[in-house]
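Protein chains: 2
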Amino acid sequence: MQLLQDRIRKDGKIKEGNVLKVDSFLNHQMDIQLFEEIGKEFKRRFEGEKINKILTIEASGIGIACVVAQSFGVPVVFAKKNQTKNIAGDVYTTKVESFTHGRVYDIIVAKEFLGKGDRVLLIDDFLANGMALEGLAELVQLSGAELVGAGIVIEKGFQQGGDLLRSQGIRIESLAIIDSMNEKTGEIVFRD
Amino acid sequence: MQLLQDRIRKDGKIKEGNVLKVDSFLNHQMDIQLFEEIGKEFKRRFEGEKINKILTIEASGIGIACVVAQSFGVPVVFAKKNQTKNIAGDVYTTKVESFTHGRVYDIIVAKEFLGKGDRVLLIDDFLANGMALEGLAELVQLSGAELVGAGIVIEKGFQQGGDLLRSQGIRIESLAIIDSMNEKTGEIVFRD
Chain A
1 MQLLQDRIRK
11 DGKIKEGNVL
21 KVDSFLNHQM
31 DIQLFEEIGK
41 EFKRRFEGEK
51 INKILTIEAS
61 GIGIACVVAQ
71 SFGVPVVFAK
81 KNQTKNIAGD
91 VYTTKVESFT
101 HGRVYDIIVA
111 KEFLGKGDRV
121 LLIDDFLANG
131 MALEGLAELV
141 QLSGAELVGA
151 GIVIEKGFQQ
161 GGDLLRSQGI
171 RIESLAIIDS
181 MNEKTGEIVF
191 RD
Chain B
1 MQLLQDRIRK
11 DGKIKEGNVL
21 KVDSFLNHQM
31 DIQLFEEIGK
41 EFKRRFEGEK
51 INKILTIEAS
61 GIGIACVVAQ
71 SFGVPVVFAK
81 KNQTKNIAGD
91 VYTTKVESFT
101 HGRVYDIIVA
111 KEFLGKGDRV
121 LLIDDFLANG
131 MALEGLAELV
141 QLSGAELVGA
151 GIVIEKGFQQ
161 GGDLLRSQGI
171 RIESLAIIDS
181 MNEKTGEIVF
191 RD
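One line per chain: the protein sequences are A and B, in this order.
With UniProt numbering, the residue at position 158 of the first sequence is 158, and numbering never jumps.
With UniProt numbering, the residue at position 188 of the second sequence is 188, and numbering never jumps.
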């Protein structure tokens, strides 16, 4: 998606340790007009797939998922990272390892919001090692719903998550795949 | 907002300890079409206020804020609850006490996304004791931006947050204010 690649080149900042900061438009400050274009592009790519639910994970996936959901006309469910008092009862849960936060956490979805008959699209801002997305895919599987695929805004193609999940037969549509980036020169190479 | 009150009566569940569960349409599964109507209503109420930024807090505020932002044509910034590796450098921060989670946490916004010249609308799903909203208002004040007001989906009018913040001169627009609710009968009384 050219608009997105241009934006990453213009406003993305490459930091030590292969970190790409896109917090001016994607995951801290959020450019909602860009999200609308992202929604249209996912809709185009998953046309005809009869998606009836979008599943994402807190926190930075939620905003994108909600705007994307408008293109599909479906509700969003977000997996929670911590058990709260307000989610009681029956839940699907699995464990996810976060490299960003350096810990393992549970992700949780109430059973009543995901189940047989649902055709689910996963949405997230980043795909790197793939742990979060794998966790979401597992929640879908546990629920008996059908996983249509995953729409990712930025995939770090030099990390193993994308390959790993595609090899499991999951359809991944990433709007920008970064094959390499150079902290010193600021150069970013996108996959064609 | 009648549509919202009707929805709360239809799908809200009253639990022990004055908990109102609205996770089938507001803060776990999210009804995006309802969010669009909420966005139009906030736009109507804050018409002419020249709002150029919406500020919310992770996680459940984000989805509503992003859809509301489409009515205003402005970007959203969400305050983060935990310092992550990916937010370095200059931030505004304050402390918030959460009754739901039973702890005190820091909320953080990068300085580059909030500052003098901004006219900010706060958006959140719930207003109860007002701690989160007060924290957001403090971030706005620290940044030198102007606080236009707060748009709240559901206010628990029997808790002190709304009164407290209004007495500080903050304009609060709540789309549904609950004056009382009864766990046993399921009755909910909305303020006129």
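Some hints here could point you the wrong way.
List time: in silico BS3-like cross-link candidates among lysine-lysine, alpha-carbon distance up to 25 angstroms [said to hold, decoys possible]:
id, chain 1, residue 1, chain 2, residue 2
1, A, K116, B, K81
2, A, K21, B, K15
3, B, K95, B, K50
4, B, K10, A, K111
5, B, K116, A, K81
6, A, K43, A, K95
7, B, K111, A, K13
8, B, K21, A, K81
9, A, K111, B, K43
10, A, K13, B, K40
11, B, K40, A, K81
12, A, K116, B, K184
13, B, K43, A, K15
14, B, K50, B, K10
15, A, K81, B, K15
16, B, K13, A, K10
17, B, K50, A, K21
18, B, K116, A, K111
19, A, K40, B, K40
20, B, K13, A, K43
21, B, K40, A, K111
22, A, K40, B, K10
23, B, K43, A, K95
Simulated from the structure, these hints should not be mistaken for lab results.
This one's a predicted model, so the numbers in the text were calculated from it and none came from an experiment.
Taking the hints in turn, this is what the structure says about them:
1. K116/A x K81/B: Since the Cα atoms of K116/A and K81/B sit roughly 34 angstroms apart, the hinted pair is violated (cutoff 25 angstroms).
2. K21/A x K15/B: Distance of about 41 angstroms is beyond 25 angstroms: violated.
3. K95/B x K50/B: Violated, because 29 angstroms separates the two Cα atoms, which is more than 25 angstroms.
4. K10/B x K111/A: OK: K10/B and K111/A at ~20 angstroms, within 25 angstroms.
5. K116/B x K81/A: Violated, at roughly 34 angstroms.
6. K43/A x K95/A: violated (30 angstroms)
7. K111/B x K13/A: Judged against 25 angstroms, a Cα distance of about 16 angstroms means the pair holds.
8. K21/B x K81/A: Distance of about 18 angstroms is within 25 angstroms: holds.
9. K111/A x K43/B: violated (35 angstroms)
10. K13/A x K40/B: violated (35 angstroms)
11. K40/B x K81/A: violated (31 angstroms)
12. K116/A x K184/B: violated (32 angstroms)
13. K43/B x K15/A: Violated, because 38 angstroms separates the two Cα atoms, which is more than 25 angstroms.
14. K50/B x K10/B: Since the Cα atoms of K50/B and K10/B sit roughly 35 angstroms apart, the hinted pair is violated (cutoff 25 angstroms).
15. K81/A x K15/B: It holds: about 22 angstroms lies between the C-alpha atoms, which stays within 25 angstroms.
16. K13/B x K10/A: At roughly 47 angstroms apart (the allowed maximum being 25 angstroms), K10/A and K13/B break the hint.
17. K50/B x K21/A: violated (29 angstroms)
18. K116/B x K111/A: Outside the cut-off at roughly 45 angstroms; violated.
19. K40/A x K40/B: The given pair, whose Cα atoms are some 21 angstroms apart, holds under the 25 angstroms limit.
20. K13/B x K43/A: Not satisfied, since the Cα-Cα distance of roughly 34 angstroms exceeds 25 angstroms.
21. K40/B x K111/A: violated (31 angstroms)
22. K40/A x K10/B: With a Cα-Cα distance of about 32 angstroms, the restraint between K40/A and K10/B is violated, given a limit of 25 angstroms.
23. K43/B x K95/A: Given pair K43/B, K95/A is violated - Cα atoms ~40 angstroms apart, limit 25 angstroms.
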